[in-house]
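Peer 1: With these hints in hand, go ahead and build the complete structure from the sequences.
Chains F and Z, in that order, are what the protein sequence lines are. Under this note's numbering, residues 1 to 246 are what the first sequence spells out, in order. Under this note's numbering, residues 1 to 244 are what the second sequence spells out, in order.
Simulated from the structure, these hints should not be mistaken for lab results. One should not assume that every hint holds.
Said to hold, decoys possible - Some chain Z residues near chain F, calculated using beta-carbon distances under 10 Å:
(1) R39
(2) G40
(3) G80
(4) W91
(5) G102
(6) F125
(7) K179
Note that beta-carbon positions come from the ideal geometry of N, C-alpha and C, so glycine has one too.
The lines below spell out each chain.
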Amino acid sequence: MLSRLASLLVLLLVWQLGSVFAGPRALPAPLAVLAVIDAEARSGALFFNLAATLLRVVASFTLAMALGTALGLAMGRHKPVDRFCDPWLIILLNLPALVVIVLAYIWIGLNETAAIGAVALNKLPIATATVREGARALDASLDEMARVFAMPLGVRVRHVLLPQLAPYLAAAMRSGLSLVWKVVLVVELLGRSNGVGFEIGVAFQLFDVTKLLAYALPFVGLMLAIETFIVQPIERHVSRWRPGRT
Amino acid sequence: MSPAGDRVGLEVAIAKKAYLGASGESRAALRDVAFALKRGEVCALLGPSGSGKTTLLRIVAGLDRDFEGGVWLPSPHRLGMVFQEPRLLPWRTVAENLRLAGASEPKSLAEIAAVLGLALHLDHFPGELSLGLARRVAIARAFAVKPDLLLLDEPFVSLDAALALRLRGELQALVETHKATTLIVTHDVEEAISLADRIIVLAGAPGSLIADLAIETPRLAMTSRQAAAIKAELAALAAPRADR
Ligand SMILES: Nc1ncnc2c1ncn2[C@@H]1O[C@H](COP(=O)(O)OP(=O)(O)O)[C@@H](O)[C@H]1O
Ligand SMILES: [Mg+2]
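Peer 2: As structure tokens, this is what we get:
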């Protein structure tokens, strides 16, 4: 913990020194950025744009997780589905995010549906592949046990299936979230008129590094907070039964 | 509904059960296995390893429908099963494992847990239990659902002799109070004699039914001479097979 703090302090120091050498236009000092963050927060613009971006993150993340889980389960459990969908998955996995985004805007239009769909489509193949691994690793002997004791479907999903999939779902969530929040910014830059990505685009046109950082840093902070206070506790919760991990 | 009337607890008529081998060829595991159990009858299924005992139990449990023949159970029926391995849900406590399997009445659940010495372990996760304790949980689970058909697949294998003996006594008490039609797989003759009303012997590859013996009741009146006679009979049945 202490060495982490030291590391952050050194980073701030390097930043400060860098701004002295490079000049405030290329790299504004930490305090200058803080002042702009404060101003944007006071005007409400910062929260408005953060909220817009966060909503897109949540919507596309949820969509991709739901579809990816369904698809991954189907592919992991049924050979024919797997054989049919696997080439699609490989193509999607290797399609650059930018291509998906531009095509979505061209085909669907410059609207929210295209934006969220494009982000979700970027995350979908990784979520699917991860859940498919989980579905393949399902313990058939526990499934038999559940059948013998005639456990109702709801019990089987909640107490037999989900706990086995949980580590894979958590992995898909974690990798998915970090992918989604990077892709969302590109989507906003290219075709939305609000959100952190849009503001960064504006800052780019004005070569305004201070404003760019004033949006980027709070956004990174928000995503780290979500990771620390939502994703990690969920991971800990689902793995609490494992021996040697408390 | 069983063709032989409603006093029947289980009727099995398997003409053939084959598995697909590694190179795609079909290998028979059971052939011509037919028997019927009365309701509440306790039958031990004896036989060397590989004679198809587990296969037979899986067919009776409805886990394997890929065979020639039929299995009749009274309907509706409640199935309780102890697999060769405990097969507990590692992410649920002992109490939750029992409850999720269908043990509904807390009172009878507590009774069974007490009989099997699990009262202190109800809040533990299966990973925290020894194999012997996990086995007991699996046995408790099978009884806690108040089954009318009980299938046990070598419930005491790989436990030390003293523990196996104690658990066998506990199992005997449970079998006597619950009156379920019971099929218990074992390769321990003593165990079969001490628990069952009847012994069915499978042998060979593919496994087929080579003996069907009644155990005289009351069990307690059976002398050790009678038990020795049954053992000798079983040994004689097994011997010519072993020569081949
Ligand atoms: N899933 C399976 N696939 C292929 N062969 C199997 C399978 N299960 C059992 N067998 C074979 O069937 C025979 C009977 O096995 P099993 O019923 O487990 O015997 P037992 O329980 O009496 O030891 C063995 O030869 C075994 O190799
Ligand atoms: Mg077996």
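Peer 1: Does each hint hold? Answer for all of them.
Peer 2: Hints and how they fare:
Given the 10 Å rule on beta carbons, the hint for Z/R39 is violated: about 20 Å separates it from the nearest Cβ of chain F. At a threshold of 10 Å, the smallest CB-CB gap from Z/G40 to chain F is about 20 Å, leaving the interface hint violated. Using the Cβ-Cβ criterion of 10 Å, the hint placing Z/G80 at the interface with chain F is satisfied: the shortest such distance is roughly 8 Å. The restraint placing Z/W91 at the interface with chain F holds, with a minimum CB-CB distance near 4 Å, inside the 10 Å limit.
This hint holds: Z/G102 has a C-beta 6 Å from the nearest C-beta of chain F, less than the 10 Å allowed. Taking 10 Å as the C-beta cut-off, the interface hint given for Z/F125 holds, the closest approach to chain F being about 5 Å. Checking Z/K179 against chain F by beta carbon gives a least distance of about 20 Å; that is not within 10 Å, so the hint is violated.
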